[in-house]
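Model the full structure from these sequences, guided by the hints.
Start counting the sequence shown at 3; every next residue gets the next number (our numbering).
It is worth saying that the hints were derived from the structure and are not from the lab. Among the hints, a few may not be true.
Unchecked claim - For lysine-lysine, the following DSS-like pairs were computed, each having C-alpha atoms within a straight-line distance of at most 30 Å: (1) K163 / K67; (2) K67 / K125; (3) K130 / K84; (4) K84 / K24; (5) K181 / K191; (6) K181 / K192; (7) K200 / K181; (8) K67 / K84; (9) K67 / K24; (10) K138 / K67; (11) K186 / K200; (12) K163 / K125; (13) K30 / K138; (14) K65 / K125; (15) K163 / K181; (16) K84 / K138; (17) K130 / K65; (18) K163 / K65; (19) K30 / K84; (20) K65 / K138.
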Amino acid sequence: MGNTFCVFCGCIDQASIGVVEKWGRFDKLAQPGLHFFNPFAGECVTGILSLRISSLDVRIETKTKDNVFVQMVCSIQYRVVKENADDAFYELQNPREQIQAYVFDVVRAHVPRMTLDELFEQKGDVAKTVLEELEKVMGAYGYSIEHILMVDIIPDPSVRKAMNEINAAQRLQLASVYKGEAEKILLIKKAEAEAESKYLGGIGVARQRQAITDGLRENILNFSHKVEGTSAKEVMDLIMITQYFDTIKDLGNSSKNTTVFIPHGPGHVRDIGDQIRNGMMEAASAPINLE
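Following this line, the structure appears as structure tokens:
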């Protein structure tokens, strides 16, 4: 751009366009291909513009609404409009600097109205706003803005560290909640199991005692009928004494017991029998008293 080539003929490459002047004044646009010029008539190729899409990466530092400094990397893809190539050639001295200046202006006017989280969520809206503004401005200079991409949003390192710590703390809090719920469920299930076990154990003990009572009753009745002259009380005393000696025998044979002190003698055996008999009589009379 800005160079003058005074030759008789010239070749314009594909995807390019030449600017032809006559006596220092714009004359026409030279399409791709071979062209002949008359330098004696003042014709010359002043410059050649590429019609390919060009890319410009702009790094902008700005501040969000919640006072967080961020760096944004914006990629602008633009090209020269073929029909307006003369405007692109003559109007702007440095189009890249012009585009960069407008991107700075639009981003720094739009981003401070957003928080950091909103900026990450709505970066597409920021790119759309920049695209609309650049299309209006650069279109008048013969340039077309094809795409604008917000490539990266880079907060300050201290802010990124704080955000990671907040995220980690939230995840730990959520994990603690789940852990607490799991422990609660385990405790509830354990309590339910213990309650069920005690209930079943109570049923077993009750059935065991009922079976013992039924067995004693049957033994007393059989002994009274088979041995004449014996009363139920005498049979019950005999059974109690037998059970007493069986218990002493079991205590002596058990390896888990060391020393057990119990009163022993005929009088003590009678006392034990009386206590058991009185307990059974009180238990039998309890339902009658309740009624």
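List, from low to high, the hint numbers that the structure doesn't satisfy. Violated: hints 8 and 9.
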